[in-house]
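2 protein chains.
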Amino acid sequence: MTQRFNEYETEVLKAIRPSESEKAEILSLADELVSAVNESGIAKGMVTGSVARDTWISGDRDLDIFMLFSPELTPEELEEKGLSLAKSIAAAFGGDYVEKYAQHPYLNAAIRGFDVDLVPCYAVEDASKIKSAVDRTPFHTRYMRGRIADKTDDVRLLKMFSKACGVYGSDQMTGGFAGYLCEIFICYYGSFRGCLKAAAEDWHTGLVIDLEKHQAKEFDDPLTVIDPTDPRRNVAASLTQTRMSEFCEFARGYLKNPSKEFFVRKTALPITKDELAARLNERGTFLYGIVFKTPGIIPDVIVPQLKRSEVSIAALLERHGFCINRFDSYMGDDNCIILFEMLTESLPAVEKRIGPPVWESENSERFIAKHLGKTMSGPYIRDSRYYVEVKRRYPTVMSLFKSRDFIECGLGKHVKNSVVKEYGVFTGAECHRDEFAAFLGEFFEEKSPLVKILERN
Amino acid sequence: MTQRFNEYETEVLKAIRPSESEKAEILSLADELVSAVNESGIAKGMVTGSVARDTWISGDRDLDIFMLFSPELTPEELEEKGLSLAKSIAAAFGGDYVEKYAQHPYLNAAIRGFDVDLVPCYAVEDASKIKSAVDRTPFHTRYMRGRIADKTDDVRLLKMFSKACGVYGSDQMTGGFAGYLCEIFICYYGSFRGCLKAAAEDWHTGLVIDLEKHQAKEFDDPLTVIDPTDPRRNVAASLTQTRMSEFCEFARGYLKNPSKEFFVRKTALPITKDELAARLNERGTFLYGIVFKTPGIIPDVIVPQLKRSEVSIAALLERHGFCINRFDSYMGDDNCIILFEMLTESLPAVEKRIGPPVWESENSERFIAKHLGKTMSGPYIRDSRYYVEVKRRYPTVMSLFKSRDFIECGLGKHVKNSVVKEYGVFTGAECHRDEFAAFLGEFFEEKSPLVKILERN
Numbered sequence: 500m501t502q503r504f505n506e507y508e509t510e511v512l513k514a515i516r517p518s519e520s521e522k523a524e525i526l527s528l529a530d531e532l533v534s535a536v537n538e539s540g541i542a543k544g545m546v547t548g549s550v551a552r553d554t555w556i557s558g559d560r561d562l563d564i565f566m567l568f569s570p571e572l573t574p575e576e577l578e579e580k581g582l583s584l585a586k587s588i589a590a591a592f593g594g595d596y597v598e599k600y601a602q603h604p605y606l607n608a609a610i611r612g613f614d615v616d617l618v619p620c621y622a623v624e625d626a627s628k629i630k631s632a633v634d635r636t637p638f639h640t641r642y643m644r645g646r647i648a649d650k651t652d653d654v655r656l657l658k659m660f661s662k663a664c665g666v667y668g669s670d671q672m673t674g675g676f677a678g679y680l681c682e683i684f685i686c687y688y689g690s691f692r693g694c695l696k697a698a699a700e701d702w703h704t705g706l707v708i709d710l711e712k713h714q715a716k717e718f719d720d721p722l723t724v725i726d727p728t729d730p731r732r733n734v735a736a737s738l739t740q741t742r743m744s745e746f747c748e749f750a751r752g753y754l755k756n757p758s759k760e761f762f763v764r765k766t767a768l769p770i771t772k773d774e775l776a777a778r779l780n781e782r783g784t785f786l787y788g789i790v791f792k793t794p795g796i797i798p799d800v801i802v803p804q805l806k807r808s809e810v811s812i813a814a815l816l817e818r819h820g821f822c823i824n825r826f827d828s829y830m831g832d833d834n835c836i837i838l839f840e841m842l843t844e845s846l847p848a849v850e851k852r853i854g855p856p857v858w859e860s861e862n863s864e865r866f867i868a869k870h871l872g873k874t875m876s877g878p879y880i881r882d883s884r885y886y887v888e889v890k891r892r893y894p895t896v897m898s899l900f901k902s903r904d905f906i907e908c909g910l911g912k913h914v915k916n917s918v919v920k921e922y923g924v925f926t927g928a929e930c931h932r933d934e935f936a937a938f939l940g941e942f943f944e945e946k947s948p949l950v951k952i953l954e955r956n
Numbered sequence: 500m501t502q503r504f505n506e507y508e509t510e511v512l513k514a515i516r517p518s519e520s521e522k523a524e525i526l527s528l529a530d531e532l533v534s535a536v537n538e539s540g541i542a543k544g545m546v547t548g549s550v551a552r553d554t555w556i557s558g559d560r561d562l563d564i565f566m567l568f569s570p571e572l573t574p575e576e577l578e579e580k581g582l583s584l585a586k587s588i589a590a591a592f593g594g595d596y597v598e599k600y601a602q603h604p605y606l607n608a609a610i611r612g613f614d615v616d617l618v619p620c621y622a623v624e625d626a627s628k629i630k631s632a633v634d635r636t637p638f639h640t641r642y643m644r645g646r647i648a649d650k651t652d653d654v655r656l657l658k659m660f661s662k663a664c665g666v667y668g669s670d671q672m673t674g675g676f677a678g679y680l681c682e683i684f685i686c687y688y689g690s691f692r693g694c695l696k697a698a699a700e701d702w703h704t705g706l707v708i709d710l711e712k713h714q715a716k717e718f719d720d721p722l723t724v725i726d727p728t729d730p731r732r733n734v735a736a737s738l739t740q741t742r743m744s745e746f747c748e749f750a751r752g753y754l755k756n757p758s759k760e761f762f763v764r765k766t767a768l769p770i771t772k773d774e775l776a777a778r779l780n781e782r783g784t785f786l787y788g789i790v791f792k793t794p795g796i797i798p799d800v801i802v803p804q805l806k807r808s809e810v811s812i813a814a815l816l817e818r819h820g821f822c823i824n825r826f827d828s829y830m831g832d833d834n835c836i837i838l839f840e841m842l843t844e845s846l847p848a849v850e851k852r853i854g855p856p857v858w859e860s861e862n863s864e865r866f867i868a869k870h871l872g873k874t875m876s877g878p879y880i881r882d883s884r885y886y887v888e889v890k891r892r893y894p895t896v897m898s899l900f901k902s903r904d905f906i907e908c909g910l911g912k913h914v915k916n917s918v919v920k921e922y923g924v925f926t927g928a929e930c931h932r933d934e935f936a937a938f939l940g941e942f943f944e945e946k947s948p949l950v951k952i953l954e955r956n
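For the protein sequence lines, the chains are E and L, in the order given.
All the letters of the first sequence, read from the start, carry residue numbers 500 to 956 under the numbering used here.
All the letters of the second sequence, read from the start, carry residue numbers 500 to 956 under the numbering used here.
The shape of chain E in the complex, shown without the other chains:
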């Protein structure tokens, strides 16, 4: 049998496994908070998340305390009683707090240097009866706790490894693994190395992992991981195809040439305006940045709208004949940017338009009547269709971005609202501002995770 952890993993574990004193500190605070909930008499306290499963990375200061209320309360009652209890507990522990909102509202409090979430939920009998997504969390904790007790180091390694390759985080911007997903992988594959081996050799688009063999729904996602506590839920729903592929590549690279480098995240360096100008000069491309105020809505709502907007704008550009090299978007604290690197910035005056098939006599007649005498060429016939060549509506990318067609091309709702108020279109190095410097650096240094490691060495 091969050694469970190699020299690099052993060394990494020393750094990321919490010390006994670190454990004692957080667990004792968790106990006190749970007791405080229980003492209220109206809810039951429960530690959830990575602290409950002993899978957190040393130095993390996040603590999740769930407050389980009777399912007989109305949502309004749950909200009112839940927040009121959370506030009184936060106050009792001397913590500053702020109300936040996922599906229910919850309280985020700073207590003894920890970042504590106090989350009210329903204490439902089984996972199939949950009333909101947060009700599911206690089931995850109960399911996982016993099953990974002897594999917490494997989970920690997998989390650290995923972080290093940029695949950790189930938020929409990352599109990677949730902590719970990492735990399921370790349960399923038995070890950190087993999970990497599977990813390196067997993973492919459409793979299904079903720990409890109880799948009750099909998913069209790159990877399907059926929630062991809910046969109709894909835990990997927010994983993108790109992140999944990057993880496989990284796993393959590590198994071939393991090193500590694979546990260290390389973040892109911010690019300066002069560097950006030099890169564009070298590449010869035309950069356009559409910039507008960041809507005051949580990132997990805005980021998918930015992505959808990118795709809509790309389709608009291509419909009008402009060639794109690459595009991306970024949500800053103050402003968002949707970035297009173009191969063409302008096109000739003439534009070919496709008409109806010759066999459709009424459409053909309308098409001829509409264009007769007003074209640069045509109407003419090629194969079985009519064509005309007319004066191009948008001869430059800029004229398209400044048009009504741009506003109406299918931007996400909040993106459109913000754009309608005000937006700027910047070109070349003028797209640069401090807020976007790291994003632009990443855009122009585009490398796969393994390549970043290889180029470092």
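A hint or two may mislead.
As the list claims (entries may be wrong) - Calculated lysine-lysine pairs in the DSS-like style (CA-CA distance at most 27 Å, straight line):
1. L/K755 with E/K873
2. L/K873 with E/K759
3. E/K662 with E/K755
To be verified - Some residues of chain L that are not near chain E, with every Cβ distance over 12 Å (derived):
4. S527
5. K543
6. S583
7. P730
8. D933
Quick caveat, the hints were computed from the structure, so don't treat them as lab data.
C-beta atoms are modelled at their ideal positions from N, C-alpha and C, and glycine is treated no differently.
Starting from the known structure of chain E, arrange chain L on it as the hints suggest.
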């Protein structure tokens, strides 16, 4: 019942129906030539073509005399005896002559102001036993003669109408109707107007017309017209989709608003160099003409090779990221030109290349090793594939046209042979020369047949 011919048709027929004296002149020459063949004792003479069927247009001076030899001769004997008999007849009638070649050699002679083809062939028993394509011609004449005797005016109108819309001629450059095909249409639809009505209302890609209901082979052509004398032959094989569509359009236009205009061919005016420069300036496009010596081979061999070369070059341009508006080619007496009207003449230095899927580990490793440290961006992963962005190989259309990749892109055999010897790439108005002036005029005045009529009025 509607009148057989309307006022326009009646007027056109007056002009295109040969007079009695014209008929007498050509038929008497035909008789004399047939007698001369018969008198040789080694072959039987036969008038074929439109003169035999009384379907020629007044003013046409073409006469086809077939000389039917015993099928027991070898091809060499047929050639020797056939040409020798043809030469002695041409000499006896005082005609200059020249040897030509279709599948067999034949003699083309100028006799009493007529353009006479003297064609040796085998007198086979039935059409299924033909030894070469020319043996089929006597069967066409025998089949058609009695069947269209009372519809020769309909055939003449259809030929004239097809000529006017540019659809008459089964040569490769035209890709239109043969005279025999026009006769089959009249047989099948019963009249000129019946044929137009069918084309206007019912014709579509994939239509099959089978007069004898004996089709014995499937064809992948736009229109299939089974030869009544050969169940395995498509008489419309050389008809292009574009010509077929144009005929339908023209038929529709005529049935809606009949006029004499529909029987008058509008040929494109030659364009001058200054006019060409002005058109290009207005259109804003980039014109490239690849010019080389016309190979000394018959047009029906060269023209398809030019068409194939166009498509190969277009694919090459698109593979390298250049956008085409339109292309065409022309075979002049001295030079050929392959013409590309481009929307882009140059592209940025950076070029994106697609790599293998991430799941293919060996290919992925090779791809990374090949590009590591040598790219402008990447290798990076998008969805499930690798990409790199490298320095573009062909940053201009001109650099591509001057490359080895151009020569090797899949030009037709004789085209390539000529190009390899010498070719020039001209841009903009420099593509102009007198030999190409009419072709360039047509290229830039591109209109469907009906639109040409409509714009005239």
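Checked hints:
1. For the proposed pair L/K755 and E/K873, the alpha carbon gap of about 23 Å is at most 27 Å, so the pair holds.
2. With a C-alpha separation of about 25 Å, the suggested pair L/K873 and E/K759 falls inside the 27 Å cut-off, and the hint holds.
3. Taken as a hint, the E/K662 and E/K755 pair is honoured in the structure, with Cα atoms around 20 Å apart against an allowance of 27 Å.
4. Distance to chain E confirms L/S527 as a non-interface residue, since its nearest Cβ pair spans about 44 Å, more than 12 Å.
5. Interface exclusion of L/K543 from chain E stands, the closest Cβ pair being 45 Å apart, more than 12 Å.
6. Chain E leaves L/S583 outside its interface by the beta-carbon criterion, the shortest separation being 48 Å against a cut-off of 12 Å.
7. With a minimum CB-CB distance of about 27 Å to chain E, L/P730 clears the 12 Å threshold, and the non-interface call stands.
8. Taking the minimum C-beta to C-beta distance to chain E, about 23 Å, the non-interface status of L/D933 holds against the 12 Å cut.
Going down the numbered hints, you'll see the structure goes against none, and every one checks out.
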